[in-house]
Amino acid sequence: MEILDIKNLSFLYAGCEEKAVENVSFTVNEGEFVAMCGETGSGKSTLLKLLKRELRPNGKLEGAVLLGGEDISSFTPARSAREVGFVMQHPEQQIVCDKVWHELAFGLENLRVPEQEIRRRVAETACYFGLDGIFKQNVSSLSGGQKQLLNLASVCVMQPRVLVLDEPTSQLDPIAASQFIATVRRMNRELSMTVIICEHRLEEVLPLADKALVLKNGKAAFYGPAREAAARFAADEKCDMPAASRVFARTGGDGECPVDALEGKKYVTQNFSNRVRSLGREEKERAAEPALEFSHVFFRYEKDAPDALFGLELKAYPGEHTCILGGNGSGKTTALCAAAGLRRIYDGKIKILGKNIDTYRNGALYRNCVAMLPQDVQTAFLRMTVREELKDSGCAPENLPFDVSRFLERHPYDLSGGEMQLVALAKALATKPKILLLDEPTKGLDSGFKQILKRIIKELCDSGAAVVTVTHDVEFAAESADMCVLLFGGSAAACSDAREFFGGNAYYTTTCARMTRGYFENAVTADDVCALCEANGRKAGAV
Amino acid sequence: MRTLERSNPFASLVCIVCVTLTAALCQYPGMLIPALLGGAAFYSLLAGRSGKRTHILCALLVVVSALVNPIFSHNGVTVLFVLNDRPVTLEAVCVGLMNGMTLAAVIYYFGALTRIMTSDKLLYVFGKVSPKSALLISGALRFVPLLGAKSRRIEETQTALGLYRKGNMLSSAKNKLKVFSALTSWALENGIITADSMAARGYSDGRRTYFAPYPFRACDAVWIAVYTVSAAVLITFSALGTYGFTYYPQMVRTGGAYSAAFYALYAAICFLPAAVELKEAARWKYLISKT
Chain S
20 MEILDIKNLS FLYAGCEEKA VENVSFTVNE GEFVAMCGET GSGKSTLLKL LKRELRPNGK
80 LEGAVLLGGE DISSFTPARS AREVGFVMQH PEQQIVCDKV WHELAFGLEN LRVPEQEIRR
140 RVAETACYFG LDGIFKQNVS SLSGGQKQLL NLASVCVMQP RVLVLDEPTS QLDPIAASQF
200 IATVRRMNRE LSMTVIICEH RLEEVLPLAD KALVLKNGKA AFYGPAREAA ARFAADEKCD
260 MPAASRVFAR TGGDGECPVD ALEGKKYVTQ NFSNRVRSLG REEKERAAEP ALEFSHVFFR
320 YEKDAPDALF GLELKAYPGE HTCILGGNGS GKTTALCAAA GLRRIYDGKI KILGKNIDTY
380 RNGALYRNCV AMLPQDVQTA FLRMTVREEL KDSGCAPENL PFDVSRFLER HPYDLSGGEM
440 QLVALAKALA TKPKILLLDE PTKGLDSGFK QILKRIIKEL CDSGAAVVTV THDVEFAAES
500 ADMCVLLFGG SAAACSDARE FFGGNAYYTT TCARMTRGYF ENAVTADDVC ALCEANGRKA
560 GAV
Chain D
171 MRTLERSNPF ASLVCIVCVT LTAALCQYPG MLIPALLGGA AFYSLLAGRS GKRTHILCAL
231 LVVVSALVNP IFSHNGVTVL FVLNDRPVTL EAVCVGLMNG MTLAAVIYYF GALTRIMTSD
291 KLLYVFGKVS PKSALLISGA LRFVPLLGAK SRRIEETQTA LGLYRKGNML SSAKNKLKVF
351 SALTSWALEN GIITADSMAA RGYSDGRRTY FAPYPFRACD AVWIAVYTVS AAVLITFSAL
411 GTYGFTYYPQ MVRTGGAYSA AFYALYAAIC FLPAAVELKE AARWKYLISK T
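Heads up: the sequence lines are chains S and D, in that order.
Note that our numbering has the first sequence beginning at 20, numbered continuously upward.
Note that our numbering has the second sequence beginning at 171, numbered continuously upward.
Each statement offered as a hint is correct.
Calculated lysine-lysine pairs in the BS3-like style (CA-CA distance at most 30 Å, straight line):
(1) D:Lys320 - S:Lys462
(2) D:Lys449 - S:Lys155
(3) D:Lys320 - S:Lys410
(4) S:Lys374 - S:Lys477
(5) D:Lys346 - S:Lys410
(6) D:Lys320 - S:Lys451
(7) S:Lys453 - S:Lys374
(8) S:Lys322 - D:Lys222
(9) D:Lys320 - S:Lys155
(10) S:Lys453 - D:Lys344
(11) S:Lys410 - D:Lys348
(12) D:Lys302 - D:Lys320
(13) S:Lys451 - D:Lys348
(14) S:Lys410 - D:Lys344
Far from chain D, by Cβ distances over 10 Å, these chain S residues were calculated:
(15) Ser44
(16) Thr46
(17) Glu51
(18) Ser162
(19) Ala201
(20) Leu210
(21) Ala240
(22) Gly274
(23) Ser292
(24) Gly299
(25) Glu308
(26) Gly346
(27) Asn541
(28) Gly556
Some chain D residues flagged as far from chain S (calculated, every beta-carbon gap over 12 Å):
(29) Leu183
(30) Gln197
(31) Ser214
(32) Ala217
(33) Arg223
(34) His225
(35) Leu237
(36) Val276
(37) Thr398
(38) Tyr433
(39) Val446
(40) Ala451
Hints were generated in silico from the structure; no laboratory data involved.
All C-beta atoms, glycine included, are put in the ideal place defined by N, C-alpha and C.
Model the full structure from these sequences, guided by the hints.
Given below as structure tokens:
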């Protein structure tokens, strides 16, 4: 049964020339899972907001959104709030109240549901979403993943008919993201909830989706079965289709397009031989002295707290990109902050360019030496425009390795996640660092910005600097890192060359490595897999 | 009877306000001693070891108040000694002592109250009166720690980018100002998204219910009735002069033959919270020892 009918929807932001959404029409059946994709600025967010009346931005709207046959503009406020649930990108900013139970009750309080009914609905929702353990806690004590789950639950407690999610996992680590997607999937299957979700990373969402909507410049470029979308747009870098589909498209596959690791493996093993099992490696010459060296470092936040860093040994060499990976609470960010001199260790030694970190005084550490960008890059900005921001740091916009002219006069907070990362990076590069420390630089970035970031890091390494990145993004690490370190419990559990690292890991690794495990060796990126497929050639008789 | 901690927040609030209000209005030795002891006992039971600093603070307060009052007040007939040509009287020392004890008792009871009344309980009480302001406070309570964390992160980032040097006073004041302005922009930005999220979940200017997981039981009514009636009786009869105590010029017990009954009543409501707390603890021990 048809639940949503979007008819010739167009939207023009007030004060803009070009339509953000242009003549988009599609219908969604009840219980369908729709994935929406497209690069930054393709109008995804705008389109999603148009589906929720309360969130419609200021501007000129044409066309209509019909929910169950009725135009949502004609709904009463209570009905409109109830029937479409909307979860936004940032987990933190959507939360209104200070206690978990109060946040869950918030929507129902607004709808003036009687207290007894609220009690029941809040209780059953908390159980379904696994929030009963944290029910009485303060919201501030929750992790990002828990916060986003709470946001989902506090929308679902109102029992919406359609759930709209705008990049809900972009700010989460991969494990929390999988958990979140799994919960959405469960609601879709068990409660036949209609879901419309937009994500940069389609690796996990697309295999679950019934249909996909691909947006290009505000227009619907495709709407139909998800697998078909993967086949049609896999070759398009900007669409970020799953790795299996990309390999399929680049190796000229024919037939049904694989969308996940299992199908990808079938495709590769059935179509290509494995006479050549691994790629030749280019050896990079390593500098004699590490730029950054941790020897036996211990750190804890409070006297009685457990050690956040537990005898950490770490070396980062100039000219190399070192990626630090690991789960939440493994000490990744703490290690980075310690290297930037923001945390004082209580035992062990940190050497920066061969000298003990304590010998750098009066900010000498931050002059042509170390620079760090935190996860929350917004904290790098104190001015009203990007131009002033860059001037403060003493860098000329025209000398930057990337183009910022489009948003020079904008307020830094108005930039997209990717643009913000670039401006912050420009500020860090202005100190001409020999060691650049980055914390989760790819969070919330689409593939276009990731490419720019990779290029900048490569150029920096080629000029002899050491880049140390803390990241959850295994695909990024596999494509960009020279060395990878796995932190576990505050110490380094593994440290090796990126290809070996991901080739050797069975769980903590890229989709491509999972896809080719046991068939090829150390093929960790789509490039590797494609090169190996090409080297081996198609099996005789394969389709 | 259930402990005040597990009662309806209204009951906890009313009981403690009644006890402290009576102590503040009727500052008689016969009232203050049970108030102080009852408060200290109740607080200790709730706070355990973590209450050590409060005990020290209260003891200091009583001592300092007893020492300071005679310096400013020279009323009273019993001169203890003369200091700088000024008499130091026993009455003034006692008044200081009593003032100190009143303050200490209030600190103990309110210390206990803050341990019992977590922010959500306080909001529940507000919410019954005005759901709107309760929501506002809940939002504010959530926002304050966020703001603090953000400000720390900004300073760290600026340091790591080499833009925030610890230098002379002027430059650090300038830095703080910049951080403050960034914080305000962030708060506004954040506020807009939160407002969107509120609107998306049906928040409007209309009426709303207020939900809180605190049922009101018969036991809560008993607590409230006992305490409001007792406080009313004690305050009224104190005002009528049925019982009482004067300090100046000489310390004299005033009032009639039934004074002792009033003091006993007050002592009872002072010790009741601690007693119930003890009873519950004993019940636990008993239950555990049986299994």
